[in-house]
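All chains should be built: construct the whole structure from the sequences, respecting the hints.
Chains A and B supply the protein sequences, listed in that same order.
Heads up, the first sequence is in this note's numbering, so the first residue is 17 and it goes up one at a time.
Heads up, the second sequence is in this note's numbering, so the first residue is 644 and it goes up one at a time.
Everything labelled a hint here was simulated from the structure, so no lab data went into it.
Misleading hints may appear alongside valid ones.
Stated by the list, open to error - Taking beta-carbon pairs under 10 Å as the criterion, some of the chain B residues facing chain A (in silico):
#, residue
1, Pro654
2, Phe663
3, Arg869
4, Leu898
5, Asp949
Said to hold, decoys possible - With a Cα cut of at most 27 Å, we get these calculated DSS-like pairs of lysine-lysine:
#, chain 1, residue 1, chain 2, residue 2
6, A, Lys82, B, Lys758
7, B, Lys864, A, Lys82
8, A, Lys82, B, Lys662
A virtual CB, placed ideally from N, CA and C, is assigned to each residue, including glycine.
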Amino acid sequence: MNKRALALALLLLATAPLAWGQQAPPLTEGSYKKLRDYVLPDAREDAWRKVDWKSTFWDAVVEAQKAEKPILLWAMNGHPLGHT
Amino acid sequence: MRGRQAAWAQPDIQKLAAKFVSATDEVWRLHHLKDPECELFQTFMDKGIYAGRDGSTRQGIFAVAPSGVLLADVNTTRAEGMRAMLKKALKAWEALPRAERLLPFDPETRRKDIKCTENKFPSGGVALRAFVRDLPRRNLPQDWRSKAWNVDYAWFREGELEGLMPARVRKKAKQAWPRPLVQRLARIHLLDYVRGQTTPHGKDHVHEASLVTEVVKVKKKAVELRFSGEVRISSGAWSDTPDGSATRGVKVKLLGEAIYDRRLKRYTRFDLVAVGVRWGRTQFNFRQDDLAPSPIGWVFTLAPKDERVPPAHFGAYGW
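Shown next as structure tokens:
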């Protein structure tokens, strides 16, 4: 089920339709999987992780030295793999 | 950030990236501190797009030989720019004499000298990834904020997650999570960072934080567990009708499931979902026009093996 369909399903789960701006859908055994799948990134949102990112520059330096390959470093304020 | 991620999702860019050893890292430390990793970064950071420029950041995408020779660099969210840089870098690598490509020493021997938080990951510990996203509602803004999501990491010392299981592992046995662990999860990880960075809660912001493990099934090779709980946090006195104008907080219910492999002595599955409402704002989390309570969800799940990105607020762990 794609994100749009999941979103519609979750809106229907809200217990008080008139308060859709404020209430969360109930978290139950029945809604657990839908809510989990909605929050997790889908394949399109996660596609960038198909690049085999090492999580530190030095990990890449060590591997590149052994393999005699160039290094590609993506450096950001806030770790790109984490909280930005 | 999302623009760069979109560019890295392009198949031809991924194919080019596969010709490198790829890494991501936090740039402030590399730019400002002193250890072998930072010093290597500092040898090339000003040789390309930042040459002759002052400025507080060195954010970007750098292609470099292990020796520190800069091959190419760019700071862009556009796929065309990245594509061009990668192709230029590969040509520069081919043209670089072999004698100039590598460090004159084995970098593994210097790993112990690197002072990064990744190296503080506890031996035998477990890392979870923590995703957060706004849940559907009718009045989400019609721009990037409606699609925003974010990710953080939560670290656990050896034994902390194993200790969630009841001492006597039998079906329907229950055990409350240790209070310090729930408090840490609540204060440092059940935060509203959907749209941007935020700050952890103080200890006195936690009004309710409880989680319970129940044994669902006991097999010879594995134990199946279920988690349930509730968290209420507010930066002010608790109110059942917060409007966010003076406080920030969350009120969530949690459910989760896990499988503990008794032979491997580790979790092969660990999922914890938190759903509820958030309100209020902090300086950089882009909620200035979105103070009122609105639905939000988190999912905590096992991080890929060897992925040791520190939690955004590791300093608040007190380790």
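Subject >> Restraint check, 10 Å cut-off on beta carbons, for Phe663/B near chain A >> reply: Given a least distance of 4 Å, the restraint on Phe663/B holds.
Subject >> Supplied contact hint for Arg869/B, tested at 10 Å Cβ to chain A >> reply: holds, 9 Å
Original post:
Is it true that the CA of Lys82/A sits at most 27 Å from the CA of Lys662/B?
Top reply: With Cα atoms ~14 Å apart, Lys82/A and Lys662/B stay inside 27 Å; holds.
Original post:
Does Leu898/B meet its interface restraint, that is, does its C-beta lie within less than 10 Å of any C-beta in chain A?
Top reply: At 5 Å from the nearest chain A Cβ, Leu898/B passes the 10 Å test, so the hint holds.
Subject >> Given hint Lys758/B paired with Lys82/A - CA-CA distance at most 27 Å >> reply: holds, 22 Å
Original post:
Does Lys864/B pair with Lys82/A here, judged by a C-alpha cut-off of 27 Å?
Top reply: Not OK: Lys864/B and Lys82/A at ~39 Å, beyond 27 Å, violated.
Subject >> Interface hint outcome for Pro654/B [beta carbon to chain A under 10 Å] >> reply: It holds, given that the least Cβ distance between Pro654/B and chain A is near 8 Å, below 10 Å.
Original post:
Any CB of chain A closer than 10 Å to the CB of Asp949/B?
Top reply: holds, 8 Å
The earlier numbered hint that this structure contradicts is number 7, and it is the only one.
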